[in-house]
Amino acid sequence: SQTIHQWPATLVQPVGSPLSLECTVEGTSNPNLYWYRQAAGRGLQLLFYSVGIGQISSEVPQNLSASRPQDRQFILSSKKLLLSDSGFYLCAWSVKGANTEAFFGQGTRLTVV
Amino acid sequence: GNSVTQMEGPVTLSEEAFLTINCTYTATGYPSLFWYVQYPGEGLQLLLKATKADDKGSNKGFEATYRKETTSFHLEKGSVQVSDSAVYFCALARAGNNRKLIWGLGTSLAVNP
Numbered sequence: 001s002q003t004i005h006q007w008p009a010t011l012v013q014p015v016g017s018p019l020s021l022e023c024t025v026e027g028t029s030n031p032n033l034y035w036y037r038q039a040a041g042r043g044l045q046l047l048f049y050s051v052g053i054g055q056i057s058s059e060v061p062q063n064l065s066a067s068r069p070q071d072r073q074f075i076l077s078s079k080k081l082l083l084s085d086s087g088f089y090l091c092a093w094s095v096k097g098a099n100t101e102a103f104f105g106q107g108t109r110l111t112v113v
Numbered sequence: 001g002n003s004v005t006q007m008e009g010p011v012t013l014s015e016e017a018f019l020t021i022n023c024t025y026t027a028t029g030y031p032s033l034f035w036y037v038q039y040p041g042e043g044l045q046l047l048l049k050a051t052k053a054d055d056k057g058s059n060k061g062f063e064a065t066y067r068k069e070t071t072s073f074h075l076e077k078g079s080v081q082v083s084d085s086a087v088y089f090c091a092l093a094r095a096g097n098n099r100k101l102i103w104g105l106g107t108s109l110a111v112n113p
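Note that the protein sequences, when read in sequence, are chains A and B.
For the first sequence, counting from 1, position 82 maps to 82 in the numbering used here; every step adds exactly one.
For the second sequence, counting from 1, position 67 maps to 67 in the numbering used here; every step adds exactly one.
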């Protein structure tokens, strides 16, 4: 069966520090991968998605970047965090094909102080 | 364009009450429709789905019917429990494009004993 791992679960970082969140998927190959952010009490905002190694699409201009160095690895990064980067970050994957659902990791609670 | 509209929350019910969370959509073609649930501090879990008109998705006592004539996918449960307290998201996957799900803003449900 397929599983998705996301870590760390919680993170407190000072303003101006770098960020690296990692997500890996097991039990499938060539998935679509996604990074979402969820601000407190609000809906989901798609940040990045990837259809293959090295292929990243950015949905919103921001202080963050994403990379996909391996087929089942997706990394969310920042060189210098801002207070506004605080939120709940969710990684997800889906099977390529029409109309498929996405499967989510457990999320990372990031607090920038 | 494609969009999903959910009823605003929060919704507060007593245990064993009947639940309806409205969801309507705008999309071209024949999208698939999903309901996800997010328990506090966790990622999103797929609750149920429907891939074509008149399909009924069901899981854990929840049901939703894909109504193309009214472009709706309302979530219902006959008797809610305290453990159903969570945020519920309606989403669609556009026909022919599985890269991104289109999300509603989420509806928070609180069930009191």
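I should point out that these hints are in silico values taken from the structure, not numbers from a laboratory.
All figures in this text were calculated on a predicted structure; none of them were measured in a lab.
Don't be surprised by glycine CBs; every beta carbon is placed ideally from N, CA and C.
Incorrect hints may appear among the rest.
If you want a taste of the chain B side facing chain A, the calculated C-beta under 7 Å gives, among others [claimed, not checked]:
hint, residue
1, G1
2, E16
3, F18
4, F34
5, L44
6, L46
7, K56
8, L101
9, I102
10, A110
**Message:** Flag every earlier hint the structure violates by its number, smallest first.
**Reply:** 1, 2, 3, 7, 9 and 10
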